[in-house]
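Enquirer: Top to bottom, those sequences are chains A and B. If you read the first sequence in the numbering used here, its first letter stands for residue 27, the second for the next number, and so on. If you read the second sequence in the numbering used here, its first letter stands for residue 27, the second for the next number, and so on.
The set of hints was computed from the structure by calculation and includes no laboratory data. Owing to the predicted nature of the structure, the values given are computational and were not obtained by experimental measurement. Errors might be hidden in some of the hints.
Identical chains share a label here; the pair holds if one copy fits it or two copies do between them.
As the list claims (entries may be wrong) - Taking lysine-lysine and the DSSO-like style, the derived pairs with C-alpha atoms no more than 27 Å apart in a straight line are:
(1) K339 / K117
(2) K324 / K88
(3) K355 / K144
(4) K388 / K117
(5) K335 / K96
(6) K324 / K198
(7) K229 / K143
(8) K229 / K83
(9) K314 / K331
Protein chains: 2
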Amino acid sequence: MENACPKLSDKTCFEEVSIMTRIAIDAMGGDHAPREIVKGAIWAALDYGIPIELVGKADEIKAEIDKIQKNGIKSLRGGYFSHSIKVDLSKLDVIITHADEVIEMGEAVGQAIRKKKKSSIVLTVDAVAQGRSDAVVAAGSTGAAMASSLFGLGRLKGIERPAICVTLPSVKEPFVLLDAGANSSCTPEMLCQFAIMGATFVKNVYDRSNPSVGILNIGEEAGKGNELVQTAYKMLQENEQGINFIGNVEGKEIFHGNCDVIICDGFTGNVALKIIEGSSLMLFEMIKEEFNSNIISKIIGLLAKPFMKRIYKRINYEEFGGALLLGVKGITVIAHGRSTAYAIKNAVRVAKEAVETGVNKKIAEFFQ
Amino acid sequence: MENACPKLSDKTCFEEVSIMTRIAIDAMGGDHAPREIVKGAIWAALDYGIPIELVGKADEIKAEIDKIQKNGIKSLRGGYFSHSIKVDLSKLDVIITHADEVIEMGEAVGQAIRKKKKSSIVLTVDAVAQGRSDAVVAAGSTGAAMASSLFGLGRLKGIERPAICVTLPSVKEPFVLLDAGANSSCTPEMLCQFAIMGATFVKNVYDRSNPSVGILNIGEEAGKGNELVQTAYKMLQENEQGINFIGNVEGKEIFHGNCDVIICDGFTGNVALKIIEGSSLMLFEMIKEEFNSNIISKIIGLLAKPFMKRIYKRINYEEFGGALLLGVKGITVIAHGRSTAYAIKNAVRVAKEAVETGVNKKIAEFFQ
Chain A
27 MENACPKLSD
37 KTCFEEVSIM
47 TRIAIDAMGG
57 DHAPREIVKG
67 AIWAALDYGI
77 PIELVGKADE
87 IKAEIDKIQK
97 NGIKSLRGGY
107 FSHSIKVDLS
117 KLDVIITHAD
127 EVIEMGEAVG
137 QAIRKKKKSS
147 IVLTVDAVAQ
157 GRSDAVVAAG
167 STGAAMASSL
177 FGLGRLKGIE
187 RPAICVTLPS
197 VKEPFVLLDA
207 GANSSCTPEM
217 LCQFAIMGAT
227 FVKNVYDRSN
237 PSVGILNIGE
247 EAGKGNELVQ
257 TAYKMLQENE
267 QGINFIGNVE
277 GKEIFHGNCD
287 VIICDGFTGN
297 VALKIIEGSS
307 LMLFEMIKEE
317 FNSNIISKII
327 GLLAKPFMKR
337 IYKRINYEEF
347 GGALLLGVKG
357 ITVIAHGRST
367 AYAIKNAVRV
377 AKEAVETGVN
387 KKIAEFFQ
Chain B
27 MENACPKLSD
37 KTCFEEVSIM
47 TRIAIDAMGG
57 DHAPREIVKG
67 AIWAALDYGI
77 PIELVGKADE
87 IKAEIDKIQK
97 NGIKSLRGGY
107 FSHSIKVDLS
117 KLDVIITHAD
127 EVIEMGEAVG
137 QAIRKKKKSS
147 IVLTVDAVAQ
157 GRSDAVVAAG
167 STGAAMASSL
177 FGLGRLKGIE
187 RPAICVTLPS
197 VKEPFVLLDA
207 GANSSCTPEM
217 LCQFAIMGAT
227 FVKNVYDRSN
237 PSVGILNIGE
247 EAGKGNELVQ
257 TAYKMLQENE
267 QGINFIGNVE
277 GKEIFHGNCD
287 VIICDGFTGN
297 VALKIIEGSS
307 LMLFEMIKEE
317 FNSNIISKII
327 GLLAKPFMKR
337 IYKRINYEEF
347 GGALLLGVKG
357 ITVIAHGRST
367 AYAIKNAVRV
377 AKEAVETGVN
387 KKIAEFFQ
């Protein structure tokens, strides 16, 4: 099978005149790939009216597309309700780029990228590097997505290491946290770069002026925490780049929604991210358990369901779509490994917004 | 006013023949001190039938006790329901030790302990050092409680640094996490000592045989994470002390309840602890908000309240009472800064259990 742009129904490659944001998606990455990824991609093409490039095993992707053509898109949303959409593929601008290989979860990333040059994630990044698409969406191995983006797209000038920027819920507006796992060891300089990237992201994508930046720490006072955060604190306090640094923020305070950008090393950030997810899931598990305990509780549970659904929507990672890898010359959105079609659709939205608001250009301007 | 054992109603010092566990409580520490602390102390004396030593400004403590004698104990429990108990103080074994000073939150700990030798926390630890009481309960400055315990009681042999051991909820049984904030920087050797202390605690206090120990990490595979956890992983894998090491555990997995003891450095642990608290509070905040949105939702909210209360009870820090400072020659329980009387009562229970199960003796045996 040819590698570049095989036909999808009666469509060939993207129309050459297209000025719309084009998203390349690794169709093989994630626990529910390719099924949910392809569904999410088609759904995104439909909702946002943008061209999509699906990268992966062409026959498997085709099979999924055939199913969609026959049955429409049926998707679980937040585990709570299903969504059914009919799709007229002839109106969508979707192409398939065949990839022979897949980098599996848990593979040694460096080696896998060098060996599997025709893997779906490497070719997805390639689609952006070659200018055929504008952004990458990937739900497979986070390490592979990071490494192939860094290798295939390169670092932005002035950025030591890219960081994963994740959007999280608060009682007010969502905030971003970075690094959520790209670098398990960091320097204070890197934290300062995270501050600039995070603030630029929030300013442009969330349209907030003068976003506040805080260091995730174990106390509010200056001098709290380990050497890394103590040094970063001093550097940010004296910053002349116009960062609105508000000091240290404790783990329980981040959810108050008073700080737009929380910075930390990737080890702490990844632990934090997964703990937020885990503790929320535990609570919902407990709620389900309580409401399932007898017939009366089941009835009350049914009555309470719409409220629970609304809360779940406010905190559900599927709504936030995916984390942005900031600091590479291109847009890469890393979606959750368990991504459903709905999560992928939203990840495409995140990628589209990042492209259209020119986040990378703004970050690059900072370091010039 | 004299420093040692002033009279409380018709009682003098602890009865000399008492073989019961005696708990010394810093009555001045915590956001709601001395009111909630004194209430919690009396409540504990009543419920567990044990002698209590209240340390702090004697006139303020006396005033609180007078109120209790008059009105009984009314206490908020988990912000949800109140509890009212009549108290016959003549039947309780409660003494007051006067302390002139209080170490306030945010004071530089080292300096404060050296300067304020007659502060409530220093004298509370002193009560244990002198053998008048068996354990410390303190809800004030964590740093001050740690430092005065380390200074006043000394380190257990073989322990480099004490660690804060906190009990957390899971969908199954609770688990412990340490270090939850005593050491913002750690060595791999320290993590191994935390493993031994945590396992000994769970084995003896929670009566679980062969408790499993895992490292809090950003991935399950060996080789994941920063240098600290990578080295600790290797050391624990080769351990000959009989630690049941099960490898790395991710942030979201800890709530599955499959690992009894989670170890990490104090920076990560403290961030984790506060994020668990913060994200749970956010969820309950959202639930309240949703149920308060209109008259129908309020009615459904009222029906759902008993279930929510049960869940809150399962995750509420007040139930767990307090964190244990493991590694010092004595028992120190650090209660939450916002401790209510109910939390203090439970912190006393934790202290009592730790004394009676001889956790420290068992830890010391490991290192001999």
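Enquirer: Hint by hint, say whether it matches the structure.
Expert: Against the structure, the hints:
no., hint, in the structure
1, K339 / K117, "neither (30 Å within a copy, 54 Å between copies)"
2, K324 / K88, "neither (42 Å within a copy, 50 Å between copies)"
3, K355 / K144, "within (21 Å within a copy, 61 Å between copies)"
4, K388 / K117, "neither (34 Å within a copy, 72 Å between copies)"
5, K335 / K96, "neither (30 Å within a copy, 47 Å between copies)"
6, K324 / K198, "between (31 Å within a copy, 21 Å between copies)"
7, K229 / K143, "neither (36 Å within a copy, 51 Å between copies)"
8, K229 / K83, "neither (38 Å within a copy, 51 Å between copies)"
9, K314 / K331, "both (10 Å within a copy, 14 Å between copies)"
Hints 1, 2, 4, 5, 7, 8 from the earlier list are contradicted by this structure; the remaining hints agree with it.
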